[in-house]
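If you're matching them up, the sequences are chains C, F, G, Z, R and U in order. Under the working numbering, the residues of the first sequence are numbered 1 to 308, in order. Under the working numbering, the residues of the second sequence are numbered 309 to 616, in order. Under the working numbering, the residues of the third sequence are numbered 617 to 924, in order. Under the working numbering, the residues of the fourth sequence are numbered 925 to 1232, in order. Under the working numbering, the residues of the fifth sequence are numbered 1233 to 1540, in order. Under the working numbering, the residues of the sixth sequence are numbered 1541 to 1848, in order.
No lab work stands behind these hints, which were simulated from the structure alone. Where hints are given, some of them may not hold.
[Said to hold, decoys possible] Pairs of lysine-lysine residues, derived as DSSO-like cross-links and limited to a Cα-Cα distance of at most 30 angstroms, are as follows:
id, chain 1, residue 1, chain 2, residue 2
1, F, Lys-400, G, Lys-744
2, U, Lys-1829, Z, Lys-1135
3, R, Lys-1530, U, Lys-1632
4, Z, Lys-1222, R, Lys-1530
5, G, Lys-917, F, Lys-519
Spelled out from the first residue to the last, the chains are:
6 protein chains.
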Amino acid sequence: MAFVFKSAFRKQGLFVPFLNAVRGMSSSGESTPAFTTLSISQPLDTITHVEISRPEKRNAMNKAFWLEIVDCFNQIAEDPECRAVVFSGAGKLFTSGIDLMGMAGGILQPVGDDTARISWNLRRTISKYQETFSVIEKCPKPVIVAVHGACIGGGVDLITACDIRLCTQDAWFQVKEVDIGLAADVGTLQRLPRVIGSRSLVNELALTARKMYADEAKSCGLVSRVFPDKETMMAGALEMAQEIASKSPVAVQGTKVNLIYSRDHSVPDSLNYMNTWNMSMLQTQDLMKSAQAAMEKKNLKEVIFSKL
Amino acid sequence: MAFVFKSAFRKQGLFVPFLNAVRGMSSSGESTPAFTTLSISQPLDTITHVEISRPEKRNAMNKAFWLEIVDCFNQIAEDPECRAVVFSGAGKLFTSGIDLMGMAGGILQPVGDDTARISWNLRRTISKYQETFSVIEKCPKPVIVAVHGACIGGGVDLITACDIRLCTQDAWFQVKEVDIGLAADVGTLQRLPRVIGSRSLVNELALTARKMYADEAKSCGLVSRVFPDKETMMAGALEMAQEIASKSPVAVQGTKVNLIYSRDHSVPDSLNYMNTWNMSMLQTQDLMKSAQAAMEKKNLKEVIFSKL
Amino acid sequence: MAFVFKSAFRKQGLFVPFLNAVRGMSSSGESTPAFTTLSISQPLDTITHVEISRPEKRNAMNKAFWLEIVDCFNQIAEDPECRAVVFSGAGKLFTSGIDLMGMAGGILQPVGDDTARISWNLRRTISKYQETFSVIEKCPKPVIVAVHGACIGGGVDLITACDIRLCTQDAWFQVKEVDIGLAADVGTLQRLPRVIGSRSLVNELALTARKMYADEAKSCGLVSRVFPDKETMMAGALEMAQEIASKSPVAVQGTKVNLIYSRDHSVPDSLNYMNTWNMSMLQTQDLMKSAQAAMEKKNLKEVIFSKL
Amino acid sequence: MAFVFKSAFRKQGLFVPFLNAVRGMSSSGESTPAFTTLSISQPLDTITHVEISRPEKRNAMNKAFWLEIVDCFNQIAEDPECRAVVFSGAGKLFTSGIDLMGMAGGILQPVGDDTARISWNLRRTISKYQETFSVIEKCPKPVIVAVHGACIGGGVDLITACDIRLCTQDAWFQVKEVDIGLAADVGTLQRLPRVIGSRSLVNELALTARKMYADEAKSCGLVSRVFPDKETMMAGALEMAQEIASKSPVAVQGTKVNLIYSRDHSVPDSLNYMNTWNMSMLQTQDLMKSAQAAMEKKNLKEVIFSKL
Amino acid sequence: MAFVFKSAFRKQGLFVPFLNAVRGMSSSGESTPAFTTLSISQPLDTITHVEISRPEKRNAMNKAFWLEIVDCFNQIAEDPECRAVVFSGAGKLFTSGIDLMGMAGGILQPVGDDTARISWNLRRTISKYQETFSVIEKCPKPVIVAVHGACIGGGVDLITACDIRLCTQDAWFQVKEVDIGLAADVGTLQRLPRVIGSRSLVNELALTARKMYADEAKSCGLVSRVFPDKETMMAGALEMAQEIASKSPVAVQGTKVNLIYSRDHSVPDSLNYMNTWNMSMLQTQDLMKSAQAAMEKKNLKEVIFSKL
Amino acid sequence: MAFVFKSAFRKQGLFVPFLNAVRGMSSSGESTPAFTTLSISQPLDTITHVEISRPEKRNAMNKAFWLEIVDCFNQIAEDPECRAVVFSGAGKLFTSGIDLMGMAGGILQPVGDDTARISWNLRRTISKYQETFSVIEKCPKPVIVAVHGACIGGGVDLITACDIRLCTQDAWFQVKEVDIGLAADVGTLQRLPRVIGSRSLVNELALTARKMYADEAKSCGLVSRVFPDKETMMAGALEMAQEIASKSPVAVQGTKVNLIYSRDHSVPDSLNYMNTWNMSMLQTQDLMKSAQAAMEKKNLKEVIFSKL
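For reference, chain C alone in the conformation it holds in the complex (with noise of 0.2 angstroms):
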């Protein structure tokens, strides 16, 4: 399916490898690893698609995963080329969850001399998995996430980081943690009532861990848009990211970074950042740029928007 979602740009000649790029602006000089669990793509020079790619595992979260999400997005926010990000998984669903096998060493067997040690220990290891997602809402780029068939417990943990959610017809969702005997602690409990808009529903799903089709994510707001079958919805989140990355990215990232700012803020609060912000970011070239093309109603895919 990722082949299907690449070939569609080949033709443009604009396929790039990602890595050839992020080595590129490497400070450090040192070569990127490549990553085991994601596959990254160019479908654009402005976008980049980031891809689980553990099929034959059920794109199931293992060690490495948890650690290349953080690499993979902060490559992404230094990346000064891009200006939007599509999340997808290979093979037949989106994620299975948390790698319980895989994982096993961390979590499950925590270590420390007394149990005091212990959660020291275990404290550190919850603060690195929650951080691996926060990294995705740190980066300014917008991250759409495309979900197919199955997104299970630590999925949900991650596409509530995310900025925009589409799913398939065949999409469901399931907060999984409490049938392995845990309260979800990697952001389920603390994004998911913010994303959608009834609690009641949240606090269903949250403590009785049944199983959310596409409908429902739809019309409580978990997704914006339905597609029918995965090749759809890749052109769509392509399309959208296309859409976004045509458009200047002082605004675009200036909005996504005030519109988390205004979540975990009130209004008043939200507005004084907001006119802080603004006080330098309205004094760039883009302002005019856009709005002569809105004089001239030209498309924006034609206006040229310096690298941020």
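The hints should help you fit chains F, G, Z, R and U onto chain C, whose structure is shown.
Using the frame of chain C, we list chains F, G, Z, R and U on its own:
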């Protein structure tokens, strides 16, 4: 109707009078006085059913009710057996709200030598009423509220403090307070906007006091499920309660505590709290028991978790 | 269209020019200058109708508009007669947003001797624009906004600061700012996520600048009602305003104040504030008047409440 | 020493046993059980003196103490006569802190089937201990604490929850908890940094457990006055309590409530709360009575204010 | 005394009547009405001296005062020349606080048809008084307040809203409000605890209304310097104002804004705001000018910074 | 002077080069590069001494310094042996602050195609500098900073992020930033007001850039102890570090974490966090070991606590 609900479980021999149970756990040795406005039963060992039982008064909330809810949920909070609660109303409707007649002498006839002293006393009174519903929230056991017929005024304050809301097709909801000359002060204005996904609708309901029927309640997210009639709903509520009660209480109750925490704090703060919470809670046997059941594809209902 | 709206009430002899009214209440004795971008009328004594009236300019927001909104809502806030506000646009659409041409010299040509000073001045300017819509929120009278046709850019900032949103079937909404090179900075990024129930949709709208039509606006909760055409909508808005205006102003305005307070504070903090608010507000005659009407099944429109 | 304190007022015929007073006001009709760790008296009608009275155990805080403090301050909060509280310790020192021996079975021997359950129970226990001192803060009557000799461990937690701190020249303070292997968890780490003006000193005291003597306690602001000996201090404390008790209880208790509110909220939030508080409290007769006394240069002690 | 202060600068030919200056910058073309309770002068182009000038009424705060402070500091905020403010009192003392006689009809005679309406009006009144001192804080120019003789009641509210506090050896401070039957509601209870380093002292002052003299004011941190008499103090205040006015206004005013921001937000939030603030403010020529002066060991008074 | 400090412990044979220690614990197997601006040693196994060591450049903070502090404290945070840190400066003074010369090309020469992009890059740069000192705070080991001679500009930002501040009699402190044209942006404006007890003094220091000497630093609470000379101070710092290091690391580090948490949250929130923290941390062997030592009057230095 309460009869139907309970009888569905009587054949399983699981029905146990609640008061005996709580008496047993009472540390102070005092016997619990019987409630006059609530009927309590245990359709299953792990499930408590709380029913407002003043059907002849349309389940109006009188003075006794406000005190008994506090006692009831404090007892439930302390009851190590109870893992989920179903809350409903006896008779033809859920509740007609505050019992204006029965409350005379309280809010309507405040006392004090001057305006300041009357205000001082009123504040203490309102504070106690607020606390009545906050105890539902502070009780770590999930509370599923099942609404049929009317749910008016104080009834809306009450259900927004519950975790999961279900209703029948004939249910309707009314934020009635402006109609009797006051701003709703025991929770609706604080919780309803966080419970449903349309602020325009919240404002409309609170400012016009218009009725909202089951379909709109579902589509706006106030309830997460609508049932054709009360019998079906009670069966559905109980099934959901059983589902929840079958899971690790460490996971379930930690989930409730953290969902409420995250409502009132920013995402980063809530992640930090979650982290500190789970550093000990992940050291539960339930994690292994649940994970093992998951691998063996066993139903969690077959797993025995220690009391909490 | 404004004509139709007003004429519906002229026969009741209730139409009174607004400016006379406010002139009467002016404590400073200065005469109020007539507005050039707003048309104000009073379909009922207790209801003020504010209309953006630059139809020939598609109700674009020019410099005068930003100042007049502040004056207008400050006057309404002080007007003891007014109990509810209807806000709409004259002509073919609600508003095309900021008047880029008419604003030249403001945000587009900031002044200052260096970047810091330009920023300093820009911050003050943005702050004033933000305050323009915040006065709608600070005005304790409920504001029902009725949108027909287009509601673009600044229009979305404006309507999210109103309390209840209605629209016609032909209405559409567009968070336009990214298209002209800036992050929306007068309220949309701060209020929209609290107004609708899907963060994925908020992000999509703000990052892609795509149009959203009436049906989606209804299903996501941006508006709470959709009307077939403007005439019906204006009648509906007025009816709702009448409904609200018939109730105790102590109850209604206290409800608005506390709904906004609770948006920006935690539930416990908001309950505490509510408590302290109502310790005096419950000492109103309106409580008795309303309760008596309720018992006598009298319509509140027959009850006379003192001015507030 | 307590004797000396009380005798100073006996001649005024004002000494009244506390328990009779509270019995009188008890709404439930139950007789108040005598306290075993606290000695309560009323040197004046309007002043309650609470004394830790386990001098033979160096006023160590045993299980009974933690419960009795709650009962005691809840009763004081409800007592309409009481307008100020003096808190001190009987015997040679203020308190040696938690009674490790007497508490065995509580924190030191937590119960539960696994680490999660032990943690769950410990959290409830700590929470109750925290609440013990928070009730002092929630009681709206000002509490003057007078420290002589040692004030160790839990004693520091206790005094930071009081409003005014006095000490004798021979007093010393010790944040002892790190020395027994735990981070202080009943208030010191939360309140001490807000109580004194040097964070370096707070950290030093909490991390090294070193003793701080009266002079340093005065210069860092922990206490606001140092007295040569206990007798002088008790007289000073009582004089201060009388001074406070002579003023309008509406003014005094509103001051305490708002001082604590402002500690935990921003200045703008606190001004808003103050505003909403005083909109009713200014409607007190006390304002006129006090203003008149001020104009007539009369001592407030001659003015009679209604009970609160 | 004001005479002495001004004359010290007259010889430098720098004394310029303030009102001309503000008239020049008035955008509306209206002439500024002269103040009746404040005397304004400009000892230096860059320094504004505001003096409470009702010495015959002991500088008591009457109705006009509350309005004029707002006008005065709003004008100062907008005055691009002004870089620092000195605030003092004419005559024998700083201020005797609120003018109870002169305020009759305001707070003491509230109007409204019932308690709720009286409360509503009182709240608006208190809110305006609060705003009076908050404008000092919102004005980005540093305000040095110089206190001699008495500073009572509202005077303490006022000075805690200033940035730097100086006093004479004969100065004394009194939180007087409890003595006239109310909790201080225009800032003292909110700001004093953040201004000095002993909460015990704050509470003692606010609850007993005792006087605090210069030495204690210095040792507790209320003032940062004590001068032997008013003449020395005014010279010292002016010298300090000159020192501040000689520096980059971008640096100085950004410092004030961020110091106040950080008082009301957590450290991480405040760092984030600072960051967003300085991303533009560091792009000032002043940085280079100042750095160059520093390297050349030149006095900043020789450097010319653009107006802000 | 560093020599003197270390030599005092050499005789105990405890001096161990730091880098070997951290190399041993490095999980990645990479060898730690030597620091060029910091000199690290271990006077005791459990104590790390960090010294700014650019005496020839007056310990000015150059680019390398900012990076090395991060690496250094991240390593210390991960080092299970280290229980306390002493931080000081080599040569004649603590630090002259930021190395303006050595930083050229960073803040002074920002890059970007327009003002918005320059701002974007500046924000990232400032953010990194801020993070440099925040890592000291995030490191759970207590940091005692010992200042001699000058502590200027960035030096004040640095020391306010440490836990305990000591200084010599010849030390002086200067918030220098306004003198070089900027508002201090790496922590002083955020932390200094929480560190000392006089806001008037904070404002004066930050707005005038005047020097503050040791005695005032002590009386305002910036430092908690003043020593006659550097040698005495280093001995005192080490003694204090030893005292801290002798206690349970679970207790000590939990104390630091919670002291910083409570600075940024309200008292109720901080009590809740403390509660959740200690529900696991009280389950440490250290509690029993410490309690037993206390009962046996044994010195804690004789007790062996497990590493953390």
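TODO: Given the hint that F/Lys-400 pairs with G/Lys-744, test it: the Cα-Cα distance must not exceed 30 angstroms.
DONE: Distance ~55 angstroms between F/Lys-400 and G/Lys-744 Cα, so the pair is violated.
Open item on the list: Between the alpha carbons of G/Lys-917 and F/Lys-519, is the straight-line distance 30 angstroms or under?
Closed with: Measuring from Cα to Cα gives roughly 18 angstroms; hence the hint holds.
Task: Satisfaction of hint between R/Lys-1530 and Z/Lys-1222, Cα-Cα up to 30 angstroms - done: 61 angstroms, violated
Open item on the list: So if I understand the rule, the pair passes when the alpha-carbon distance is 30 angstroms or less; does U/Lys-1829 with Z/Lys-1135 pass?
Closed with: 22 angstroms, holds
Task: Hinted pair R/Lys-1530 and U/Lys-1632, Cα distance within 30 angstroms - done: Holds, because 25 angstroms separates the two Cα atoms, which is no more than 30 angstroms.
In the structure shown, a violation is registered for the earlier hints numbered 1 and 4, in ascending order.
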